[in-house]
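2 protein chains.
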Amino acid sequence: MLSTSPSLDALIAEFARLPGIGRKTAQRLALHVLRRPREEAEQMAAALLSVKDNVRSCSLCCNITEDDPCAICCSDKRTHSVVCVVEESNDVFAIERSNEYRGLYHVLGGRLSPLEGIGPDDLHIRELLDRTNGGVEEIILAMNPNVEGEATTLYLSRLLKPMGLRITRIARGIPMGSDLEFTDAATISRAFEGRIAL
Amino acid sequence: MLSTSPSLDALIAEFARLPGIGRKTAQRLALHVLRRPREEAEQMAAALLSVKDNVRSCSLCCNITEDDPCAICCSDKRTHSVVCVVEESNDVFAIERSNEYRGLYHVLGGRLSPLEGIGPDDLHIRELLDRTNGGVEEIILAMNPNVEGEATTLYLSRLLKPMGLRITRIARGIPMGSDLEFTDAATISRAFEGRIAL
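For the record, the sequence lines run as chains A and B.
The numbers in the first sequence follow the numbering used here, run straight up by one, and end at 198.
The numbers in the second sequence follow the numbering used here, run straight up by one, and end at 198.
For the record, the hints were derived by calculation from the structure and aren't laboratory data.
Computed from a prediction, not measured in an experiment: that's the story for all the values here.
Among the clues, some could well be false.
Heads up, the list lumps identical chains together, so a pair's fine if it works in one copy or across two of them.
To be verified - With a Cα cut of at most 20 angstroms, we get these calculated EDC-like pairs of lysine to aspartate or glutamate: (1) 52 to 40; (2) 77 to 127; (3) 52 to 122; (4) 161 to 76; (5) 52 to 42; (6) 77 to 53; (7) 24 to 96; (8) 161 to 184; (9) 24 to 148; (10) 24 to 87; (11) 24 to 91; (12) 52 to 148; (13) 161 to 130; (14) 52 to 88; (15) 161 to 91; (16) 52 to 116; (17) 77 to 193; (18) 77 to 137; (19) 161 to 42; (20) 161 to 68; (21) 52 to 137.
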């Protein structure tokens with residue numbers, strides 16, 4: 001309650017609605033907007049609406065896109081015989097940043113979670129199965145390494161195995177730059193399981 | 001570079017321009033906006049523009065306001081003979097939250113900082129002097145307790161003393177809920193200096 005400006009109060013409330021933004025941070029952001037030129041506020045307002053108007057889901061990979069199918073699904077520089085299955089769109093961004101993977105993606109839109117009531121029908125699994133007919137040779141499962149991610153991996157591998165595709169999962173192990181001493185036991189155990197011949 | 005959606009890239013860039021918001025947080029916020037209904041994006045866009053259209057500076061206290069003079073300067077429930085001088089508008093919010101102070105405010109818009117090239121002419125000191133004629137009896141200096149805040153306090157007290165007003169400063173001391181053991185030496189020293197008779 002600042003009470004000296006309802007507009008500022010409203011903007012603080014809007015910022016505070018964003019995830020991870022508390023009341024004090026929202027106040028700092030709103031005061032920042034107040035100090036900057038009007039054009040910056042206009043640009044941010046336009047960007048907010050543009051995202052809602054232009055962004056949609058790719059009908060092939062279910063990733064966010066503006067053109068359907070998306071740029072990755074359409075690209076002739078990518079290997080169309082390999083599909084990497086991830087939970088969310090931001091996993092695609094993370095993988096793209098590594099500049100390692102050159103295949104296609106499939107975004108499930110979540111992971112199996114009985115506790116949260118998320119079953120196979122709530123994920124884009126039907127769309128994944130539809131894609132397995134057209135020239136796909138390998139499916140890489142890249143779920144997050146936690147209980148629900150593991151369960152999703154297991155479920156999908158059982159579902160996809162009978163189709164005669166190569167099903168792989170990304171390696172779990174010691175992260176680069178870290179220290180064995182400070183790595184948890186579960187990670188070390190997975191690193192040993194996944195050791196490779198030199 | 002997500003490259004699957006320029007609109008989303010633009011929104012991420014807008015969020016990343018805010019203070020304390022890094023690239024990854026900006027991405028998380030933008031994806032949140034994407035998932036929420038269009039009305040929420042519209043409300044935030046409207047709030048951004050409304051702040052720029054409606055908020056201005058009170059001609060008396062220099063605090064942010066929509067009506068001039070501001071609600072605090074106009075209020076007949078506040079003590080008009082006491083003026084608390086603060087650096088920024090968010091200091092007013094912080095003091096108002098404590099529900100302790102019932103006088104008026106004066107927002108300097110910064111503090112003296114030779115290193116950043118901020119001198120007396122860059123602050124709303126002229127406006128403060130203009131107010132000292134009309135029935136003001138006490139001026140409370142509430143600068144932040146750091147080198148620049150102290151310098152500003154000293155400068156203002158020397159400037160205001162000759163006017164025959166009561167000039168006070170808020171107490172520096174051990175913060176409530178903290179522990180003497182973990183309080184820095186400078187704070188303890190100020191707490192002793194500022195001790196009061198019981």
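Going through the hints against the structure:
no. : hint       : verdict
1   : 52 to 40   : both (19 angstroms within a copy, 10 angstroms between copies)
2   : 77 to 127  : neither (23 angstroms within a copy, 65 angstroms between copies)
3   : 52 to 122  : neither (22 angstroms within a copy, 42 angstroms between copies)
4   : 161 to 76  : neither (27 angstroms within a copy, 77 angstroms between copies)
5   : 52 to 42   : both (16 angstroms within a copy, 9 angstroms between copies)
6   : 77 to 53   : neither (29 angstroms within a copy, 48 angstroms between copies)
7   : 24 to 96   : between (34 angstroms within a copy, 14 angstroms between copies)
8   : 161 to 184 : neither (31 angstroms within a copy, 64 angstroms between copies)
9   : 24 to 148  : neither (34 angstroms within a copy, 23 angstroms between copies)
10  : 24 to 87   : between (32 angstroms within a copy, 17 angstroms between copies)
11  : 24 to 91   : between (30 angstroms within a copy, 12 angstroms between copies)
12  : 52 to 148  : neither (30 angstroms within a copy, 45 angstroms between copies)
13  : 161 to 130 : within (15 angstroms within a copy, 82 angstroms between copies)
14  : 52 to 88   : within (18 angstroms within a copy, 35 angstroms between copies)
15  : 161 to 91  : neither (24 angstroms within a copy, 63 angstroms between copies)
16  : 52 to 116  : neither (27 angstroms within a copy, 41 angstroms between copies)
17  : 77 to 193  : neither (34 angstroms within a copy, 72 angstroms between copies)
18  : 77 to 137  : within (17 angstroms within a copy, 76 angstroms between copies)
19  : 161 to 42  : neither (51 angstroms within a copy, 46 angstroms between copies)
20  : 161 to 68  : neither (29 angstroms within a copy, 71 angstroms between copies)
21  : 52 to 137  : neither (35 angstroms within a copy, 55 angstroms between copies)
Violated hints, listed in ascending order, are 2, 3, 4, 6, 8, 9, 12, 15, 16, 17, 19, 20 and 21; each of the other numbered hints is respected by the structure.
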